[in-house]
Structure formats: structure tokens, C-alpha cells
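A.B. asks: The lines below spell out each chain.
Protein chains: 2
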Amino acid sequence: MRHANLVESFQSILPTESVLYETEDLKPYECDGLSAYRQLPMIAVLPGNEAEIIEILKICEAEKIPVVARGAGTGLSGGALPHADGVLLSLAKLNEILEIDPVACTARVQPGVRNLAISEAAEAYGLYYAPDPSSQIACTIGGNVAENSGGVHCLKYGLTVHNILKLRVLTIEGDVLEIGSEALDSPGFDLLALMSGSEGMLGIITEITVKLLPIPEAAQLVMAAFDDIEKAGAAVANIIRAGIVPAGLEMMDKMTIAAVEAFIHAGYDPDAAAIVLCESDGSNEAVAEEIEKIRGIMRESGAVRIDTARGEAERRRFWAGRKAAFPAAGRVSPDYYCMDGTIPRKHLAEVLRRIEDLSSEFGLRCMNVFHAGDGNLHPLILYDANRSGELEKAEAFGARILEICIEAGGSLTGEHGVGIEKLNQMCLQFGDAERDLFHAVKAAFDPDSLLNPGKAIPSLHRCAEFGAMHVHRGDEQFPDLPRF
Amino acid sequence: MRHANLVESFQSILPTESVLYETEDLKPYECDGLSAYRQLPMIAVLPGNEAEIIEILKICEAEKIPVVARGAGTGLSGGALPHADGVLLSLAKLNEILEIDPVACTARVQPGVRNLAISEAAEAYGLYYAPDPSSQIACTIGGNVAENSGGVHCLKYGLTVHNILKLRVLTIEGDVLEIGSEALDSPGFDLLALMSGSEGMLGIITEITVKLLPIPEAAQLVMAAFDDIEKAGAAVANIIRAGIVPAGLEMMDKMTIAAVEAFIHAGYDPDAAAIVLCESDGSNEAVAEEIEKIRGIMRESGAVRIDTARGEAERRRFWAGRKAAFPAAGRVSPDYYCMDGTIPRKHLAEVLRRIEDLSSEFGLRCMNVFHAGDGNLHPLILYDANRSGELEKAEAFGARILEICIEAGGSLTGEHGVGIEKLNQMCLQFGDAERDLFHAVKAAFDPDSLLNPGKAIPSLHRCAEFGAMHVHRGDEQFPDLPRF
Chain A
1 MRHANLVESF QSILPTESVL YETEDLKPYE CDGLSAYRQL PMIAVLPGNE
51 AEIIEILKIC EAEKIPVVAR GAGTGLSGGA LPHADGVLLS LAKLNEILEI
101 DPVACTARVQ PGVRNLAISE AAEAYGLYYA PDPSSQIACT IGGNVAENSG
151 GVHCLKYGLT VHNILKLRVL TIEGDVLEIG SEALDSPGFD LLALMSGSEG
201 MLGIITEITV KLLPIPEAAQ LVMAAFDDIE KAGAAVANII RAGIVPAGLE
251 MMDKMTIAAV EAFIHAGYDP DAAAIVLCES DGSNEAVAEE IEKIRGIMRE
301 SGAVRIDTAR GEAERRRFWA GRKAAFPAAG RVSPDYYCMD GTIPRKHLAE
351 VLRRIEDLSS EFGLRCMNVF HAGDGNLHPL ILYDANRSGE LEKAEAFGAR
401 ILEICIEAGG SLTGEHGVGI EKLNQMCLQF GDAERDLFHA VKAAFDPDSL
451 LNPGKAIPSL HRCAEFGAMH VHRGDEQFPD LPRF
Chain B
1 MRHANLVESF QSILPTESVL YETEDLKPYE CDGLSAYRQL PMIAVLPGNE
51 AEIIEILKIC EAEKIPVVAR GAGTGLSGGA LPHADGVLLS LAKLNEILEI
101 DPVACTARVQ PGVRNLAISE AAEAYGLYYA PDPSSQIACT IGGNVAENSG
151 GVHCLKYGLT VHNILKLRVL TIEGDVLEIG SEALDSPGFD LLALMSGSEG
201 MLGIITEITV KLLPIPEAAQ LVMAAFDDIE KAGAAVANII RAGIVPAGLE
251 MMDKMTIAAV EAFIHAGYDP DAAAIVLCES DGSNEAVAEE IEKIRGIMRE
301 SGAVRIDTAR GEAERRRFWA GRKAAFPAAG RVSPDYYCMD GTIPRKHLAE
351 VLRRIEDLSS EFGLRCMNVF HAGDGNLHPL ILYDANRSGE LEKAEAFGAR
401 ILEICIEAGG SLTGEHGVGI EKLNQMCLQF GDAERDLFHA VKAAFDPDSL
451 LNPGKAIPSL HRCAEFGAMH VHRGDEQFPD LPRF
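Keeping their order, the protein sequence lines are chains A and B.
When you number the first sequence by UniProt numbering, it's gap-free, plus one each residue, and the end is 484.
When you number the second sequence by UniProt numbering, it's gap-free, plus one each residue, and the end is 484.
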């Protein structure tokens with residue numbers, strides 16, 4: 001089917017303004033949050049309901065045209081990068097909160113609903129939706145499911161997959177799947193978990209039932225400063241080891257503290273080598289007691305300064321600093337590359353030392369911010385895209401960081417997904433047997449590979465090429481990898 | 001390959017005593033906890049290590065012989081029922097705890113390790129493994145993963161899938177898969193969750209890395225008695241709605257209380273229409289505070305008696321009653337059939353009324369015990385297998401209960417799996433599109449359907465036959481189903 005015919009087909013099922021094909025109309029869709037990669041789609045469609053999506057999918061399936069789903073486009077790994085010969089399927093118009101059930105503590109929503117909008121709507125019932133990616137003002141719940149998003153609170157409350165109950169999903173053929181249940185478990189293979197984090201490669205999500213939680217009575221935050229980043233890492237481990245599950249447990253290094261303080265004056269200790277933010281939420285009494293315990297552990301772990309937020313304003317200010325870490329990086333450097341690897345907590349200090357060495361080796365600064373409680377690192381590599389070769393250096397630096405995470409027994413993504421960004425590292429993370437299975441599972445859902453092709457799972461060919469330049473976990477060839 | 005040749009092949013790779021083929025040797029493997037169904041396998045093998053399992057699988061794959069994996073055989077849905085023309089693969093000899101990492105709070109274990117043995121070994125480090133099926137003294141962690149087992153504590157601490165980090169799995173071809181990671185998330189499709197609860201149909205698990213939690217400082221239990229089962233149900237909802245996540249939240253009806261009291265004198269109120277057990281664990285202060293809140297909610301919900309356990313001995317006695325509910329059923333009836341459905345909590349009272357009606361209709365008594373917090377019902381249908389037709393009536397009664405759970409928006413299994421027991425209800429729980437996908441996912445792992453064939457996913461043929469006698473969610477044909 002030629003381009004013009006396809007436009008006509010879509011126009012026959014959608015309002016005219018919902019079918020975009022002129023370059024200037026397609027421009028807003030050319031990238032997601034990983035803006036170093038850009039590609040115009042052939043056509044973009046903006047359906048308003050599930051029936052229209054079914055018709056779109058049937059056309060694409062019949063004509064073997066790739067389909068890339070898109071929420072708000074805030075993803076950081078290129079998962080929503082359009083396909084040059086494909087259709088960009090925006091789910092932005094499916095933005096209704098269909099039902100809030102305050103007894104069952106659930107909300108049934110369309111995929112284009114913004115993450116924060118769910119909590120805003122649930123607030124009237126004293127409820128909220130727990131996972132809170134930094135982009136929660138803008139990002140959509142459909143995108144959250146596709147990437148299995150996390151956030152500051154996921155240490156205590158889990159990732160997206162732990163906070164959803166049911167999904168309504170369309171197959172590439174346009175069939176409706178109803179998966180999951182309102183119960184804790186669901187029989188048969190766990191398609192709900194399989195769909196979570198599948199990056200638009202298995203089906204198109206049209207409805208999501210999320211869990212809502214009662215808004216905690218109280219929340220309180222401790223900011224602890226350390227003169228040594230290893231002590232800060234030990235404090236994190238000691239808190240977890242004491243059986244405390246904080247509502248948030250974050251860490252920032254010296255360069256991040258400086259950048260943040262210069263930017264928004266969060267009140268962090270500017271002399272610290274690292275600070276740890278630790279939040280407790282729950283009933284007034286439980287929070288008061290837990291905060292005392294946290295302060296005690298910080299003290300025993302060698303903190304040089306321990307501040308408990310004096311009132312809600314200071315608590316928000318402490319958090320504002322953490323949440324401003326990415327824009328703060330943007331102020332001290334023309335460009336930055338945000339990484340997302342996870343490691344077992346016990347290797348934190350070792351991995352940080354290694355990142356410092358790489359920083360010298362590549363001649364690029366690196367700010368370190370992390371969800372310390374779950375070992376999820378967000379190194380921010382600072383570079384200047386206008387200086388020849390710096391982007392490439394930043395990417396190579398980033399790739400090395402991910403490889404170190406894998407070598408440390410961790411994973412190449414904590415919450416940002418694989419997308420197109422981390423395809424090469426997937427060749428390191430998994431062997432042939434696992435990758436073969438990923439492809440087999442993909443084929444079980446989408447035999448012609450029309451749904452977001454080329455993302456998340458590297459082709460065997462790509463891994464062979466990558467392997468040729470980059471020996472898989474070869475100790476001899478990788479003398480600079482840390483031995484854990 | 002003929003039987004004798006197959007025995008010889010296995011004997012060439014296994015010690016002689018690890019290959020069983022005589023009827024008397026096979027007898028112990030003829031059923032699991034669903035003992036109404038029995039079948040001798042052709043051969044049973046008891047490998048001692050992964051290398052031996054790989055050889056066994058290669059032989060079975062080459063000869064297209066079905067393989068049924070078995071842990072301790074405590075499963076209640078017939079998942080480990082042998083295949084008449086197949087090999088029963090016992091994992092009992094793979095029973096080593098390979099490593100406990102007290103810093104990362106993980107244990108790496110073989111599949112044949114008993115659930116409770118993990119907590120016993122971790123106790124020296126002040127740690128334990130949270131999921132606690134009633135059978136935890138006997139059941140194995142491999143079986144727990146295969147069934148995604150729950151237990152009293154899973155309301156607070158999650159099902160098995162939420163408490164495992166990594167799996168080592170063999171495909172039917174004998175390839176090794178390493179899935180999951182020590183981090184919170186893992187890239188690629190979520191094969192860890194897909195494997196959990198897959199009932200031995202996708203691969204053979206040879207190693208499991210589980211999460212360990214710090215043993216709580218304190219645990220305390222409230223026993224509340226109600227003169228009306230609906231009030232008890234409301235109390236459960238009110239506790240959840242108040243943002244409390246109890247370590248256990250269980251409910252029993254009048255008949256269960258009577259049976260339990262006659263059996264072990266747990267100290268329950270014998271006049272109550274229902275009792276609710278609610279446990280809090282954590283630090284001393286947090287538990288004391290939460291117990292006060294729980295007592296307050298019980299009072300407001302209309303409890304006629306509220307006892308907080310006076311000391312550890314009484315706490316254990318209150319729990320002993322709950323844990324003895326199944327054997328207590330065995331004392332008041334020659335046989336009982338344990339069901340396992342889940343429903344949204346809000347429909348608890350309605351579903352219980354419906355079960356009572358069915359009890360009259362079928363002329364069989366039914367005791368009701370449930371993990372009330374997560375809406376997981378365990379109706380125990382009492383019958384006498386020696387009375388002609390009673391088993392069939394019990395099965396029909398049980399099937400109706402599961403159908404009501406599905407109709408109420410719940411699910412046909414909470415934690416016991418589908419096995420062979422609930423294949424018909426899977427035809428009601430899911431439509432063709434979902435079942436097609438289950439088969440496609442199965443084929444992606446096991447193209448010749450050699451791993452535990454005939455379990456968990458009904459064939460299209462079976463559903464067509466079942467549908468012919470039993471119209472799918474047909475309101476007209478099902479006038480007796482409750483409308484929610």
C-alpha cells in the first residue's frame with residue numbers, strides 16, 4: 001500500500017485532524033526523551049477510542065506496517081522513537097479516568113491519563129497512586145506500564161507492575177485481551193507481568209486498572225551528610241539491614257550537591273562528600289519512631305550532619321533538590337547523558353570508584369544521583385555536543401558504566417527501559433538462550449514483528465556484530481572491569 | 001523408544017537407585033495433594049544435580065516423552081500428577097542451600113529445599129523468607145515458584161513471585177536460562193514472573209535466589225469475634241481502608257470455629273458467627289500502636305469480643321487454630337474438598353451468602369476459611385467419598401464456587417494453581433484470545449508440549465466441550481449467579 005493510500009485508509013476511520021502526514025505535523029513525534037535519536041514516522045495517528053485503534057491495527061497488520069505506540073514521549077531510552085516506514089500511534093487522546101472504586105481502592109483508567117492525574121483524582125477519597133517517576137506531571141500511565149516505571153517511592157511501594165491489577169490489551173490483529181484480575185494472583189501464565197515493561201512490543205494497552213493506596217497520615221524526611229561516600233553507602237545498607245523500608249532512600253554525590261545548591265538552594269550540606277535523603281511515611285507515631293531509628297543509624301554510620309525537616313516546607317525543599325538534580329546538571333553543562341543501571345547495594349562504593357576512574361579516563365565529568373535503597377544508579381555524564389567527539393565519548397562512557405553494572409551482578413536498566421539505547425548491552429546482559437526466548441515470546445504475540453520492531457531485544461545479528469568488537473564477559477579482554 | 005530402552009538410557013546417566021520403574025516404586029509418586037486423581041508415571045527419575053537433569057531432558061526431548069516435575073508433592077490442584085506415558089522428574093535430591101548473603105539479604109538455593117528450611121538457615125543472620133504456605137514444613141521452594149504460592153503473610157509481603165530475584169531454568173532442550181537479577185527490575189520481557197506460577201510447563205527450575213527479610217522485632221495478634229459474618233467482612237475492609245497492611249488478616253466462619261475448637265481448643269469465641277485474626281509485625285512501638293488501631297477498628301465494626309494475645313504462647317495458639325482448620329475439617333467429615341478462589345474484598349458477604357445457598361442446594365456442608373485481606377477464599381466442602389455420588393456433588397459444588405468467584409470479578413485460584421483441577425473453569429475465566437496466547441507462549445518455550453502437558457491451560461477442544469454444556473457467562477442460562 002502506498003503512502004497516500006494508507007493516509008486515505010486511516011482518514012476513512014478517523015477524523016481528518018487525527019491523521020498526520022506532513023513533515024511539520026510529524027515533527028513533534030520525531031523523538032522521545034532520548035533526543036539524541038530522531039526519526040520522523042511515515043504517518044502519525046491519534047485515535048480517540050479503542051474501536052479506532054482496532055481498525056488501525058487491522059490495517060497495519062494486513063499491510064505489514066510497523067506500529068510504534070507513544071504516550072507522553074517522556075521515556076529516556078528511545079522506546080517511542082518512530083519507525084521511518086511505520087505508523088506512530090499516539091494514545092494521548094485516550095485520557096479518561098473511567099472509574100475510581102474507593103472500596104476496592106482501584107482506578108480504571110485509559111492509557112493516556114497522566115500519572116499524577118490519577119493521584120489528583122483519587123485525593124478526594126484519601127487515596128493515591130504510589131509509583132512516581134520524576135516525569136509524573138507529564139508521563140502517562142500507559143507509558144509507565146510499557147516501561148515498568150519506578151520512582152522515588154518504589155523501594156517501599158514497588159514498581160508499576162506491583163501497582164496494577166488488570167490490563168485491557170489489543171493484539172496486533174486487533175483482538176482484545178483481558179489480563180490480570182482484581183485478586184492478588186491470576187491463573188495461567190502471568191501475562192500482566194509479561195506486558196509490564198514490554199516497551200510496546202507485545203500489544204497496545206487500552207485500559208489499566210491500578211491499585212490505589214490510602215494517603216499516609218504523615219511523611220518526614222532526614223537529610224544526612226557524610227564526609228566519605230563509602231560511609232553514605234554503608235548508611236544505606238545499615239538502614240535496609242535494620243528492617244526499615246523507607247518511603248524513599250536517595251543519595252547524591254559532591255558534584256550533584258554543588259550543582260543542586262547553586263540551582264535551587266535545597267539546604268544540603270555543601271561540604272559533604274555525599275548526602276542521603278531518607279523518608280518515612282505512615283501514621284504520626286510510626287513515622288516519629290522510624291525517624292528516630294533512622295537518625296540513630298545515620299549517626300552510627302558516621303554522618304557529620306543529620307537534619308530532620310522542620311516542617312512540611314523544609315521537607316519539600318529537601319525533595320525539590322533531589323528532583324532538580326537533572327535540570328541542575330543542565331545548568332552546569334550544555335548537555336548531559338542520564339544513565340540508568342542497577343547494582344546490588346553492597347557494590348555501591350566499588351562501582352562509584354570505578355565510575356570516577358572512567359570519568360578521568362574519558363575526560364568527562366559525571367554527577368551521581370541514585371535511588372540508593374534499590375541500588376538504582378543515575379549517573380549523569382556531562383558533555384558538550386558542540387565539541388566534536390564528545391557525544392560519542394559520553395555514549396562510550398555510559399556503555400562502560402552499564403557493563404560494570406552487569407558485571408557487578410546488576411542490570412542495565414532500573415526503570416528507564418532498554419529502547420534503542422541499551423540494545424548492545426542486552427548482548428552482554430543475556431546469553432543466546434535467553435535472547436532466543438525473548439524473540440520466541442515476541443513471535444508468540446506478534447509473529448510478523450510489527451509492534452515497535454527493533455527495540456528492547458537485540459537481533460542475533462546485532463549481538464554477533466557487537467560481540468566481534470566486544471568480547472562477552474571475557475576477563476582477559478576486559479582487564480579494567482572490577483572483580484566482585 | 002520402548003520402556004526398557006528408556007530405563008537403560010536413564011541408568012546410563014543416573015545411579016541405578018535413581019531410576020524407578022517398578023509399580024511399587026512408582027506408587028509414592030502417583031498423586032500430589034489432590035489425591036482424588038491418581039496416575040502412575042511410566043518411569044520416575046531422581047537426579048542429584050543439574051547436569052543429570054540436562055541429560056534426562058535431552059533424552060526426553062529426543063524421544064518426545066512428557067516430563068512432569070515434582071517437588072514435595074504437596075500441591076492441591078494436581079499440578080504434579082504424573083503422565084501415564086511420561087517421566088516423573090523428582091527434584092527432591094537437589095536440596096542444598098548454596099549460599100546465604102546476609103548483606104544483600106538473599107539466599108541461593110536448589111529447588112528441592114523445603115520452604116521452612118530457608119528461614120531456619122537464615123535465622124542465624126536474623127533473616128527469614130516471608131511466603132509461608134500452610135504446607136511450609138514439607139513443600140519445596142521449587143514447587144512454590146512453580147505454583148506462585150502464597151500464605152498467611154502474603155498480604156503484607158507478597159506472593160512467591162515478589163520474593164524471588166533470580167532463577168536458573170532448563171529448557172526442554174536442556175539449555176540453561178539465567179533470568180532475573182539481584183536488582184529490583186530486569187530488562188527484557190519479565191521471564192521471572194512468567195516462570196512463576198507456570199506449573200512446570202515452561203522449564204525446569206534448578207536454582208532460585210530468594211529475598212530474605214529481617215525477622216521483625218515483634219509480632220502481635222488480635223482475635224475479634226462477630227455475631228454476623230457481614231460485620232466481620234466489613235471489619236476486614238475497614239482495616240485495609242485505614243491504610244493498615246497487617247502481617248496476616250484471616251477470617252473463619254461458625255462451622256470452622258466449632259470444628260477447630262473441638263480439635264485444638266484455640267481459644268476462639270465458640271458463639272461467634274465469624275472471627276477475624278489480625279496480626280501486626282515490626283518494631284515493638286509500631287506493633288503496639290498498630291494493634292491499638294486494629295482494636296479500635298474492630299470495635300467500630302461491631303466486634304462482640306476483642307482479644308489481644310496475652311503473650312507469645314497465646315499468639316501461637318490463635319494461629320494454631322487457623323492452621324489446623326484443614327485437619328479439623330478432616331475430623332468432622334470423612335472427606336473434604338479444599339477450594340481456592342479469590343474475589344474483590346467488597347463482594348465477600350455476597351459470595352458467602354451464595355455459598356450458603358449452594359450448600360443447601362447440594363446438601364453438603366461447607367466450612368469457610370479465608371485469607372480475608374486479599375480476598376482469597378478456601379471453602380472446604382465436606383463430603384463422604386463412600387457415599388455414592390458425593391464426590392461428584394462436591395466437585396460440582398466446588399466448580400460452582402469458582403464460577404461465582406470469576407463472575408464476581410475475581411479469579412479461580414488464589415495460590416493453589418490450576419493444575420488439572422480447574423481446567424474447565426479456565427474456559428470461563430478467559431476467552432479464546434487469552435487462551436490462544438497461553439498456548440503460543442507455551443509453544444515459545446516448549447514447541448512439542450512435553451513439559452507437564454495437559455495441565456493449567458485447557459485445550460481449545462476441552463473448552464468447546466465444556467462450553468457446549470455450560471454457556472460462558474450467559475446471564476440467561478445462569479440465572480442463579482449473583483449480579484454484582
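Because the hints were derived from the structure by calculation, they are not lab data.
Just to be clear, a hint being listed does not mean it is correct.
The list treats identical chains as interchangeable, and a pair is accepted whether it falls inside one copy or across any two copies.
Calculated lysine-lysine pairs in the BS3-like style (CA-CA distance at most 30 Å, straight line) [claimed, not checked]: (1) Lys323 / Lys64; (2) Lys393 / Lys211; (3) Lys64 / Lys231; (4) Lys254 / Lys293; (5) Lys166 / Lys93; (6) Lys166 / Lys231; (7) Lys27 / Lys254; (8) Lys156 / Lys93; (9) Lys166 / Lys156; (10) Lys93 / Lys27; (11) Lys211 / Lys231; (12) Lys293 / Lys58; (13) Lys346 / Lys166; (14) Lys58 / Lys231; (15) Lys93 / Lys293; (16) Lys323 / Lys27; (17) Lys393 / Lys156; (18) Lys293 / Lys346; (19) Lys293 / Lys27; (20) Lys293 / Lys64; (21) Lys58 / Lys254; (22) Lys64 / Lys27; (23) Lys323 / Lys346; (24) Lys156 / Lys293.
A.B. asks: Would you mind marking each hint as holding or not holding in the structure?
C.D. replies: Status of each hint after checking the structure:
1. Lys323 / Lys64: Neither, since 42 Å and 57 Å both go past 30 Å.
2. Lys393 / Lys211: neither (42 Å within a copy, 38 Å between copies)
3. Lys64 / Lys231: neither (56 Å within a copy, 57 Å between copies)
4. Lys254 / Lys293: within (25 Å within a copy, 43 Å between copies)
5. Lys166 / Lys93: within (21 Å within a copy, 39 Å between copies)
6. Lys166 / Lys231: between (42 Å within a copy, 29 Å between copies)
7. Lys27 / Lys254: neither (39 Å within a copy, 67 Å between copies)
8. Lys156 / Lys93: neither (32 Å within a copy, 37 Å between copies)
9. Lys166 / Lys156: both (21 Å within a copy, 20 Å between copies)
10. Lys93 / Lys27: within (18 Å within a copy, 61 Å between copies)
11. Lys211 / Lys231: This pair counts as between: shortest inter-copy Cα distance 24 Å, intra-copy 37 Å.
12. Lys293 / Lys58: neither (58 Å within a copy, 55 Å between copies)
13. Lys346 / Lys166: between (35 Å within a copy, 17 Å between copies)
14. Lys58 / Lys231: For Lys58 and Lys231, the Cα distance exceeds 30 Å both inside one copy (57 Å) and across copies (51 Å).
15. Lys93 / Lys293: Answer is neither: 47 Å inside a copy and 44 Å across each miss the 30 Å cutoff.
16. Lys323 / Lys27: within (29 Å within a copy, 63 Å between copies)
17. Lys393 / Lys156: So Lys393 and Lys156 fail the 30 Å test inside a copy (36 Å) and across (46 Å) alike.
18. Lys293 / Lys346: Within one copy, since 21 Å is at most 30 Å while 37 Å is not.
19. Lys293 / Lys27: neither (52 Å within a copy, 56 Å between copies)
20. Lys293 / Lys64: Neither: 59 Å inside a chain and 59 Å across chains, both beyond 30 Å.
21. Lys58 / Lys254: neither (54 Å within a copy, 55 Å between copies)
22. Lys64 / Lys27: within (24 Å within a copy, 54 Å between copies)
23. Lys323 / Lys346: For Lys323 and Lys346, only the intra-copy Cα distance (25 Å) is at most 30 Å; the inter-copy one is 38 Å.
24. Lys156 / Lys293: both (17 Å within a copy, 22 Å between copies)
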